[in-house]
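As given, the protein sequences belong to chains A, B, C and D, one line each in that order. According to our numbering, the first sequence is numbered sequentially starting from 1. According to our numbering, the second sequence is numbered sequentially starting from 1. According to our numbering, the third sequence is numbered sequentially starting from 1. According to our numbering, the fourth sequence is numbered sequentially starting from 1.
It is possible that part of the hints are untrue.
With a straight-line Cα cutoff of 25 angstroms, these simulated PhoX-like cross-link-like pairs (lysine-lysine) come out [claimed, not checked]:
1. A/Lys233 to C/Lys53
2. C/Lys77 to A/Lys53
3. C/Lys236 to A/Lys18
4. C/Lys106 to C/Lys23
5. A/Lys113 to A/Lys197
6. A/Lys197 to A/Lys77
7. D/Lys18 to B/Lys231
Only part of the chain A face toward chain D is listed, based on derived beta-carbon distances under 8 angstroms [what the hints assert, rightly or not]:
8. Tyr27
9. Val31
10. Lys34
11. Ser38
12. Ile42
13. Phe70
14. Leu72
15. Pro76
16. Thr100
17. Arg198
18. Pro199
19. Lys202
Covered, in the sense of this in silico footprint (three residues per stretch, anywhere, with C-beta under 8 angstroms from a C-beta of chain C), are these stretches of chain D [to be verified]:
20. 42-53
21. 61-73
22. 179-193
23. 202-208
Don't read these hints as lab results, they were simulated from the structure. Idealized CB from N, CA, C, for every residue including glycine.
4 protein chains.
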Amino acid sequence: MILRDVQNEYDERNVYLKRVGVKGVRYPIVVLDKVNHSQPTIATINMFVDLPKNYRGTHMSRFIEVLNEFHLEINPKKIREILKRLKDVLNAQRSVIEITFPYFIKKEAPITKSESYLEYNCTFEAEMIDEHLEFFTSVSIPIHTLCPCSKEISERGAHNQRAMCNVTFESKEMIWIEDIIKIVESNSSAPIYTLLKRPDEKYVTELAYDNPKFVEDVARDIALELKKCDKIKWYKVEIESFESIHAHNAYACVSSDELHA
Amino acid sequence: MILRDVQNEYDERNVYLKRVGVKGVRYPIVVLDKVNHSQPTIATINMFVDLPKNYRGTHMSRFIEVLNEFHLEINPKKIREILKRLKDVLNAQRSVIEITFPYFIKKEAPITKSESYLEYNCTFEAEMIDEHLEFFTSVSIPIHTLCPCSKEISERGAHNQRAMCNVTFESKEMIWIEDIIKIVESNSSAPIYTLLKRPDEKYVTELAYDNPKFVEDVARDIALELKKCDKIKWYKVEIESFESIHAHNAYACVSSDELHA
Amino acid sequence: MILRDVQNEYDERNVYLKRVGVKGVRYPIVVLDKVNHSQPTIATINMFVDLPKNYRGTHMSRFIEVLNEFHLEINPKKIREILKRLKDVLNAQRSVIEITFPYFIKKEAPITKSESYLEYNCTFEAEMIDEHLEFFTSVSIPIHTLCPCSKEISERGAHNQRAMCNVTFESKEMIWIEDIIKIVESNSSAPIYTLLKRPDEKYVTELAYDNPKFVEDVARDIALELKKCDKIKWYKVEIESFESIHAHNAYACVSSDELHA
Amino acid sequence: MILRDVQNEYDERNVYLKRVGVKGVRYPIVVLDKVNHSQPTIATINMFVDLPKNYRGTHMSRFIEVLNEFHLEINPKKIREILKRLKDVLNAQRSVIEITFPYFIKKEAPITKSESYLEYNCTFEAEMIDEHLEFFTSVSIPIHTLCPCSKEISERGAHNQRAMCNVTFESKEMIWIEDIIKIVESNSSAPIYTLLKRPDEKYVTELAYDNPKFVEDVARDIALELKKCDKIKWYKVEIESFESIHAHNAYACVSSDELHA
Numbered sequence: 001m002i003l004r005d006v007q008n009e010y011d012e013r014n015v016y017l018k019r020v021g022v023k024g025v026r027y028p029i030v031v032l033d034k035v036n037h038s039q040p041t042i043a044t045i046n047m048f049v050d051l052p053k054n055y056r057g058t059h060m061s062r063f064i065e066v067l068n069e070f071h072l073e074i075n076p077k078k079i080r081e082i083l084k085r086l087k088d089v090l091n092a093q094r095s096v097i098e099i100t101f102p103y104f105i106k107k108e109a110p111i112t113k114s115e116s117y118l119e120y121n122c123t124f125e126a127e128m129i130d131e132h133l134e135f136f137t138s139v140s141i142p143i144h145t146l147c148p149c150s151k152e153i154s155e156r157g158a159h160n161q162r163a164m165c166n167v168t169f170e171s172k173e174m175i176w177i178e179d180i181i182k183i184v185e186s187n188s189s190a191p192i193y194t195l196l197k198r199p200d201e202k203y204v205t206e207l208a209y210d211n212p213k214f215v216e217d218v219a220r221d222i223a224l225e226l227k228k229c230d231k232i233k234w235y236k237v238e239i240e241s242f243e244s245i246h247a248h249n250a251y252a253c254v255s256s257d258e259l260h261a
Numbered sequence: 001m002i003l004r005d006v007q008n009e010y011d012e013r014n015v016y017l018k019r020v021g022v023k024g025v026r027y028p029i030v031v032l033d034k035v036n037h038s039q040p041t042i043a044t045i046n047m048f049v050d051l052p053k054n055y056r057g058t059h060m061s062r063f064i065e066v067l068n069e070f071h072l073e074i075n076p077k078k079i080r081e082i083l084k085r086l087k088d089v090l091n092a093q094r095s096v097i098e099i100t101f102p103y104f105i106k107k108e109a110p111i112t113k114s115e116s117y118l119e120y121n122c123t124f125e126a127e128m129i130d131e132h133l134e135f136f137t138s139v140s141i142p143i144h145t146l147c148p149c150s151k152e153i154s155e156r157g158a159h160n161q162r163a164m165c166n167v168t169f170e171s172k173e174m175i176w177i178e179d180i181i182k183i184v185e186s187n188s189s190a191p192i193y194t195l196l197k198r199p200d201e202k203y204v205t206e207l208a209y210d211n212p213k214f215v216e217d218v219a220r221d222i223a224l225e226l227k228k229c230d231k232i233k234w235y236k237v238e239i240e241s242f243e244s245i246h247a248h249n250a251y252a253c254v255s256s257d258e259l260h261a
Numbered sequence: 001m002i003l004r005d006v007q008n009e010y011d012e013r014n015v016y017l018k019r020v021g022v023k024g025v026r027y028p029i030v031v032l033d034k035v036n037h038s039q040p041t042i043a044t045i046n047m048f049v050d051l052p053k054n055y056r057g058t059h060m061s062r063f064i065e066v067l068n069e070f071h072l073e074i075n076p077k078k079i080r081e082i083l084k085r086l087k088d089v090l091n092a093q094r095s096v097i098e099i100t101f102p103y104f105i106k107k108e109a110p111i112t113k114s115e116s117y118l119e120y121n122c123t124f125e126a127e128m129i130d131e132h133l134e135f136f137t138s139v140s141i142p143i144h145t146l147c148p149c150s151k152e153i154s155e156r157g158a159h160n161q162r163a164m165c166n167v168t169f170e171s172k173e174m175i176w177i178e179d180i181i182k183i184v185e186s187n188s189s190a191p192i193y194t195l196l197k198r199p200d201e202k203y204v205t206e207l208a209y210d211n212p213k214f215v216e217d218v219a220r221d222i223a224l225e226l227k228k229c230d231k232i233k234w235y236k237v238e239i240e241s242f243e244s245i246h247a248h249n250a251y252a253c254v255s256s257d258e259l260h261a
Numbered sequence: 001m002i003l004r005d006v007q008n009e010y011d012e013r014n015v016y017l018k019r020v021g022v023k024g025v026r027y028p029i030v031v032l033d034k035v036n037h038s039q040p041t042i043a044t045i046n047m048f049v050d051l052p053k054n055y056r057g058t059h060m061s062r063f064i065e066v067l068n069e070f071h072l073e074i075n076p077k078k079i080r081e082i083l084k085r086l087k088d089v090l091n092a093q094r095s096v097i098e099i100t101f102p103y104f105i106k107k108e109a110p111i112t113k114s115e116s117y118l119e120y121n122c123t124f125e126a127e128m129i130d131e132h133l134e135f136f137t138s139v140s141i142p143i144h145t146l147c148p149c150s151k152e153i154s155e156r157g158a159h160n161q162r163a164m165c166n167v168t169f170e171s172k173e174m175i176w177i178e179d180i181i182k183i184v185e186s187n188s189s190a191p192i193y194t195l196l197k198r199p200d201e202k203y204v205t206e207l208a209y210d211n212p213k214f215v216e217d218v219a220r221d222i223a224l225e226l227k228k229c230d231k232i233k234w235y236k237v238e239i240e241s242f243e244s245i246h247a248h249n250a251y252a253c254v255s256s257d258e259l260h261a
């Protein structure tokens, strides 16, 4: 029996669609790991292509077929291949993939060296237009911020809190997520750990108190370090601090586009 | 044209369903406000009844019709009426309603008396079995906790963070949400505000530093105050503290059932 | 006692911050309502300004003070005033506000005319740079989509599902949210209702079956109607369909920028 | 330097805490897999113990240390060991662990046999009181439901949608998640797949149309199958159907406690 291909029908509306595809696909993937070579994780994936004005629909199942070919080896080189394949199998000029996944790093506590894992949420966002590829990596890094104003005006203590720093960048060559994390953690009031024994807790408490930073400070300090990194073409740094004295958050954003505007 | 009532069919499977109904209904409601008499808000509502073993289905549209009658006056007395009506129109023995809504209170900053609104998430959860009603109220109250261990072992500073305290209670007579909030905030390291000017920030920073509390301390102190309140028949206190030195949370829970176990 | 203004310190890092401010402020607001003149609702609000390179920090409390002045009358004209005020009180060149809120409309079921409320999530997103204002409105509209391919190839039935259509637009003059909703609902397979009696359910089932639409179709049909609307300067239409045969979603996006590319 | 153990202080408030511990710990774990022996995944973990009335606090870091010992081998036997260890290292009478994780199964499309992965969210919830263990497993299974009323009253078509079925059970001996999934999928209107080619889509469309089921039907049919399973001591079945004609959901729940009440 032949089943009619409705998607393939000629479309007279003459409307070009910039993006059509699948969203929220949950899939097991394997990514590169600086220490352990590879790391299995679980991704939330969006994949799109453009749709010429005279085709009625795209073929949603083909996106999953392409994902099936590549999901066990997700890295910048393979993402380029995925985007080419998507354009080919879907007769498109543009293809887009967005892959968000948790990435775990084993960390040592600062004093006792107790080990534990911390999660960093990552995203690869890539778009291919004809043969041209744009590729962005994002990393979300939980950090600790201690308020300089609160420290300055108070006779004792200073409010501090968990914050989330998100760095998005485009690079000339491969940059390890681990290297971005190191820059961010060393420019926060203190890094965050999953396991801290008492001597470690003393250390991070005092470290944070000695490094008071507004979200504005964190954004600027990270930006200046990223600026020094030759491999990076473009970056954006966002900090959102879950203020302990409020129920809302403080936010700062800087990008390399207007760093010294 | 007569449309067959499929739900009303005789069901031979002989299986009793404890709860059938609608979930996640978003609806504008009006609740009581201690200061302003009434407050418009927006609720997420679940409504269920039981289904006798020989009926195939319930009638989902009738839940919405009952909600239409009552949504502009949601209070304990009306909730009793809603539950009766649900049992009547759906021929049920049991009926359940769960109404979750944000509730705003105007607060004064501690020193400058600057005013702003803070959101407290509330839930009414009520079940009627035959003529018997069980009615629970929950209030989620954002607070500030400062770690006693961190303060004790560190030469300076102490980690602190936003936390969420959830109090659920059953009462003999009407208790204002405002009164529960007062008990919780006064037993935290410090209350949380939407608007704090510099003198206020100094005040809450020092207040928190002078009132270090584990989640365990907050739970116990609130429990002991609720115990003194004659109107309360039963309560549970939960604290979840968004630890600023970790990416996970600290938690404590106490209920009146085993207070002195 | 004079409390030092740390934020006001001279900053030597020479880094311009494009956006600093508050995120996730939950606040009661009042918006315009086409039928009832005004509607109280609850917003999640972000407010930002830029920070010149030689200032250490912004003053977070002033954002809330500005919100306090205006929250009971949120409309395009007032948003222009909010943005001006933010620039003034924070000595900024740019100011941004993003206000997301649920908006309820009373709808009549198609046959029985039974009334109920349906929630549409809305966002106002506005940025002022010097005296220039950009203002975008978004409306999220739940709709019903029925798959043309499934209908065509199957001997009976067709898979259908809930979908969410998001329309973002910039307009030359005030456009009612209600008018956008009408365009979207009339171009879906069928509108969605909170209360449907049996004759209504029959109607929408048959309506959807008679109007099979891919997400691509919905996007194109809405785009062509928006194109006819003289008041609209720019628009983007996104549809995400929660496919009933998959656990992931189908997506299509079109914008006026490349409508006939 | 000796750091004082504040948690260990004598507490005079005389309040017993039923649960203290850590919430929302994100950790890489390895679970059993019926086909591939083991499956790496990522868990969200809560761990609690009780706290006797005369101790001020628990030791939060020890929960993570116990997790470190066991995270690469999470299964019912190991969970018993985790709970014993938690009680030992924290001097508690009760210990609780809740582990929620995505679990992927490779599925074949019904006609073309095309393979793809589908995610099932799982939870292990176990509590040990003295030597007694209670152990519950939950599995969330996305399914397809087609409305019998809509089919019956409409001349063509029938509304259908994605639904989520959650089965929680206590068993006498090990039951594979795969076996529960099979029971649920075979009692829905149709299973859900990540990859369907046109002949598969025709098949599932017609299958669903030929198997119209209310949430009440799905709950009852699954309950009756679980009842036949000798290994199961107790179960609860919940279905939430994301109704395509509404923006809210239909819900049914049945448990073995009152199956024939």
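Results for each hint:
Simply put, A/Lys233 and C/Lys53 have alpha-carbon atoms about 22 angstroms apart, close enough for the 25 angstroms limit, and the pair holds. With a C-alpha separation of about 38 angstroms, the suggested pair C/Lys77 and A/Lys53 falls outside the 25 angstroms cut-off, and the hint is violated. For the suggested pair C/Lys236 and A/Lys18, the alpha carbons sit about 10 angstroms apart, so the restraint of at most 25 angstroms is met. A C-alpha spacing of about 31 angstroms is found between C/Lys106 and C/Lys23, which places the hinted pair above 25 angstroms, so the restraint is violated.
Taken as a hint, the A/Lys113 and A/Lys197 pair is honoured in the structure, with Cα atoms around 9 angstroms apart against an allowance of 25 angstroms. With a C-alpha separation of about 41 angstroms, the suggested pair A/Lys197 and A/Lys77 falls outside the 25 angstroms cut-off, and the hint is violated. With a C-alpha separation of about 23 angstroms, the suggested pair D/Lys18 and B/Lys231 falls inside the 25 angstroms cut-off, and the hint holds. Evaluation of the A/Tyr27 hint against chain D yields a held restraint, the C-beta minimum of about 6 angstroms falling below 8 angstroms.
At about 12 angstroms, the closest approach between the beta carbon of A/Val31 and any beta carbon in chain D exceeds 8 angstroms, and the interface hint on this residue is violated. Interface restraint check for A/Lys34: the shortest CB-CB distance to chain D comes to about 16 angstroms, outside 8 angstroms, so the restraint is violated. Hint status for A/Ser38: violated, given a least beta-carbon distance of 11 angstroms to chain D, over 8 angstroms. Nearest Cβ of chain D to the Cβ of A/Ile42: about 6 angstroms, under the 8 angstroms cut. The hint holds.
At a threshold of 8 angstroms, the smallest CB-CB gap from A/Phe70 to chain D is about 13 angstroms, leaving the interface hint violated. Of the supplied interface hints, the one on A/Leu72 is violated, with its beta-carbon coming no nearer than about 11 angstroms to a beta-carbon of chain D, more than 8 angstroms. Because the beta carbon of A/Pro76 sits about 22 angstroms from the nearest beta carbon in chain D, more than 8 angstroms, this interface hint is broken. For A/Thr100, the interface hint is violated, the least distance from its beta-carbon to any beta-carbon of chain D being 13 angstroms, above 8 angstroms.
Against a cut-off of 8 angstroms between C-beta atoms, the interface hint on A/Arg198 holds, since the closest Cβ of chain D lies about 4 angstroms away. Given hint, A/Pro199 at the interface with chain D, holds; its Cβ is 6 angstroms from that chain's nearest Cβ, closer than 8 angstroms. Against a cut-off of 8 angstroms between C-beta atoms, the interface hint on A/Lys202 holds, since the closest Cβ of chain D lies about 6 angstroms away. Counting residues of the stretch 42-53 of chain D whose beta-carbon sits less than 8 angstroms from any beta-carbon of chain C gives 0, not enough to reach three: the coverage restraint is violated.
Note: the stretch 61-73 of chain D has 0 residues with beta-carbon separation from chain C under 8 angstroms; the three-residue rule is not met and the coverage is violated. Using a Cβ-Cβ cut-off of 8 angstroms, 3 residues of the stretch 179-193 of chain D lie near chain C, which meets the minimum of three, so the contact claim holds. Only when three residues or more bring their CB closer than 8 angstroms to a CB of chain C does the claim for the stretch 202-208 of chain D stand; here the count is 5, and the claim holds.
In this structure, the hints that do not hold are numbers 2, 4, 6, 9, 10, 11, 13, 14, 15, 16, 20, 21, in rising order.
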